[in-house]
Amino acid sequence: MTTSIKKLILGDQGLLVIFILAFALVSLTVPNFLTERNMLGLLQSVVTVGVIACTMMFCLAARDFDLSVGSNVAFCGMVAVMASNATGSIFLGILTALAAGALVGLFNGVVIAKFRINALITTLATMQIVRGLALISSDGRAVGIDDPMFYQLALSKFLGVPTPIWVLAALFVIFGFVLNRTVFGKNTLAMGGNPEASRLAGVNVDWMRIWIFTLQGFICAVAGILLASRITSGQPNAATGLELSVISACVLGGVSLAGGRATMTGVIVGVMIMGIAENVMNLLNIQAFYQYVVRGFILLLAVLLDNMRSSAIGRR
Amino acid sequence: MSSYLEFSGISKSYPGVKALSDVSFGVRKGAVHGLMGENGAGKSTLIRILSGDAAADEGTVRIDGETQNYQSTRDAFDAGVVVIHQELQLVPGLTVAENLCLGRFPATGGVIGFSAMYEDVRRKLELAGISVDPTRKVAELSIGERQMVEIAKAVMLDARVIALDEPTSSLSSRESEILFTLIDRLREDGRVILYISHRLDEVFRLCDSLTVLRDGRLAAHHETIEGVTREQIVSEMVGREISDIWGWRARPVGAVELEVDGVHGEKLPVPASFQARKGEILGFFGLIGAGRSELLRMISGADPRAGGQVRVGGVDIGSGQPAEAIRKGVVLCSEDRKFDGIIQGRSLEENILISSRRHLTRFGVLDLRQEGEVAETFLKKLRVRTPSRKQDIINLSGGNQQKVILCRWLSEKGVRVLLVDEPTRGIDVGAKSEIYDILYQLAEEGMAIVVISSELPEVMGICDRILVMCEGRISAEIGRADFNEQSILAAALPDEASAASVG
Chain A
0 MTTSIKKLIL GDQGLLVIFI LAFALVSLTV PNFLTERNML GLLQSVVTVG VIACTMMFCL
60 AARDFDLSVG SNVAFCGMVA VMASNATGSI FLGILTALAA GALVGLFNGV VIAKFRINAL
120 ITTLATMQIV RGLALISSDG RAVGIDDPMF YQLALSKFLG VPTPIWVLAA LFVIFGFVLN
180 RTVFGKNTLA MGGNPEASRL AGVNVDWMRI WIFTLQGFIC AVAGILLASR ITSGQPNAAT
240 GLELSVISAC VLGGVSLAGG RATMTGVIVG VMIMGIAENV MNLLNIQAFY QYVVRGFILL
300 LAVLLDNMRS SAIGRR
Chain B
0 MSSYLEFSGI SKSYPGVKAL SDVSFGVRKG AVHGLMGENG AGKSTLIRIL SGDAAADEGT
60 VRIDGETQNY QSTRDAFDAG VVVIHQELQL VPGLTVAENL CLGRFPATGG VIGFSAMYED
120 VRRKLELAGI SVDPTRKVAE LSIGERQMVE IAKAVMLDAR VIALDEPTSS LSSRESEILF
180 TLIDRLREDG RVILYISHRL DEVFRLCDSL TVLRDGRLAA HHETIEGVTR EQIVSEMVGR
240 EISDIWGWRA RPVGAVELEV DGVHGEKLPV PASFQARKGE ILGFFGLIGA GRSELLRMIS
300 GADPRAGGQV RVGGVDIGSG QPAEAIRKGV VLCSEDRKFD GIIQGRSLEE NILISSRRHL
360 TRFGVLDLRQ EGEVAETFLK KLRVRTPSRK QDIINLSGGN QQKVILCRWL SEKGVRVLLV
420 DEPTRGIDVG AKSEIYDILY QLAEEGMAIV VISSELPEVM GICDRILVMC EGRISAEIGR
480 ADFNEQSILA AALPDEASAA SVG
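Protein chains in written order, with numbering that gives the first Met the number 0: chain A, 0 to 315; chain B, 0 to 502.
Bound-form chain A, shown alone (with noise of 0.2 Å):
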């Protein structure tokens, strides 16, 4: 009986069935979690984490490391509402903001590629320039839209779920086919599993990391829209430490810090996982203090799952 559990937990699909469980003991003991109006809440409420999730899977799947996401998240959504003031065109302002968004990424990318400096010291030093930048173009405060029609990406709904959920969804499908289906996909892993006889096997590393980067910053500035759309502003501050939350949700998927292992239904569920920590506490109204405890405590959880699965793996 316990070896059977044990090997359920500890198998392929072990965080699924983790997370199935736990989903439905919170449905039966906690008031008001499986409600129409809390589920669509508790989608809302992962969407950035869950955006960006999508390529930093890439990114870690390939051995690097992304922490300029949750700056790049404030300043594309800076950029979206300032251009959309200045030009009074909302369609320029998203055009401007995704371009932005992905030239940092580009730049990240180079950097690492290019000149071969640790992506985690490169992404270190965007996160703290591109923070700055929207600082200054703010001036340290947050910057309202001109438009209300800006809302209405956020707001806006389709079949009854928010246009947001959809952009979710949809990003979902899109990465794992990618991931799964594609060249760019495939090739990800093998870097990750071994980058020099990628190489060697014919695999343009550097051009890869370049476009891994710039689809993060990209999708970076997705994120930056829709969250400036949904607080209705753009803030300077916005998305501070996201970067963790990002990393944290994938590491719980599944996704490898040491590269070449990921699976897109492993990093939904660890998104989710996260999403419904968070929700059950605010419905159980514990106090947003704690929820910083309980968020690492999951994590830590994960990992140590993680560890025991992989090494069930060698020893069998």
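By construction, these hints were calculated from the structure, which means they are not laboratory data. The beta carbon of each residue, even a glycine, is placed where N, CA and C say it ideally should be. Hints are not guaranteed to be accurate.
Derived DSSO-like pairs: lysine-lysine, alpha-carbon spacing no greater than 30 Å straight-line [to be verified]:
| hint | chain 1 | residue 1 | chain 2 | residue 2 |
| --- | --- | --- | --- | --- |
| 1 | B | K337 | B | K412 |
| 2 | B | K28 | B | K123 |
| 3 | B | K337 | B | K389 |
| 4 | B | K17 | A | K5 |
| 5 | B | K17 | B | K379 |
| 6 | B | K380 | B | K277 |
| 7 | B | K266 | B | K277 |
| 8 | A | K6 | B | K389 |
| 9 | B | K389 | A | K5 |
| 10 | B | K380 | B | K337 |
| 11 | B | K17 | B | K389 |
| 12 | B | K337 | A | K113 |
| 13 | B | K123 | B | K152 |
| 14 | A | K113 | B | K380 |
| 15 | A | K6 | B | K123 |
| 16 | B | K123 | B | K136 |
| 17 | B | K136 | B | K266 |
| 18 | B | K412 | B | K277 |
From chain B, some residues computed to sit far from chain A (all C-beta separations above 10 Å) [as the list claims (entries may be wrong)]:
| hint | residue |
| --- | --- |
| 19 | D21 |
| 20 | Q88 |
| 21 | R276 |
| 22 | G317 |
| 23 | T385 |
Since the structure of chain A is provided, determine the placement of chain B on it from the hints.
Frame of chain A, contents of chain B only:
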């Protein structure tokens, strides 16, 4: 004579593979016991069980009559079992003595008494007959010296059983000789040594007794090595007689396919030029460090080159990255499979298709069905032994991994020049002949093949022509009709006179 170390009825299964089944044998005290077998025969699994790294499904290990029941490598360690792996486990930034005392520093109140420690280690090293300065950093030592330090560690821990896993694979012959002397001493001390090697010479030089494993079973156990012949051991290992492992056959050689013209770079300053023809197997022989790998790596784009040109079929292949060379038909199977050959943690299928899958896609989207078929075709063609193409490559033996790398390049379209650096390093006898057969077949199909090997019999056995390198220059070219050990070796050894005039 009773056995000091005894394996009885050891069985172990991994998913899809029965790694060991009912293996029993014993080793007496003060003996060097050879453990031989092809890769995948179960040697490493047995060592992992001995060292507590894996648990046997059935059977027991007894040391000095005591049944060992390890839960971890730590338990085995405490029981006096030390395994010295091919990948050494020393901290490069610490000195020899620091490495030897790691975990047990002689300290008073947390402060290490360095002079006492160095003195103590120096004495112990001398006693063991190991001449390594304890104050030197491990990073500065040669591989041979590091191996000595590993053994010193085992001696200082007073290990009862020492297992050496292919200790000479990266040692020069002089370093090997020092190692053998040291092993002789350990034997006199009354320790049990398990010696794993592919090299028959060493086994005959060192071992008192011998066990041969094949496909996870005990193929033969020789209580004494006297009277055992090489042929006998080889046939016990492969389960059949091998008459001529090279199996070279004459084949038509076509036009010049590869032209290397004045290629040089940072690690090979003297420009090198040579040609290889369609259907030809060209060998490169030389001492380690003669510049052979550096040359091939520059040709394939693995390392940058400062100048020179590489032409395939008369067309310049450019001087870019491997990706470019591959598209022009030049591919490299590198020397160190683990470091830059296989992609650990990924399936055989993905390891094979990493380069060639670009031919199987539409707008970057994969055709999984076709990919599976291609992988399956080549796995079958090269007879890779695996339960499935989804298997993680790390679970395969060295020979099968090498075949997967060859599959990678065979599945790539339009390969015209195959560069192979040490095609059979760490590969057992049976798989070697198979790899040679693959090379012959590819040459017959019209590929130009360039092989580097440090084993003279191998280059002489399989190549049509040999280029000898010495200190970064091509020093001789010899056709198959004129192959002769003395002349090849003479060309590979640095010329004393010229060295003197330069120095």
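Could you tell me which of the numbered hints above are not met by this structure, giving the numbers in increasing order? Result: hints 14, 15 break, sorted rising.
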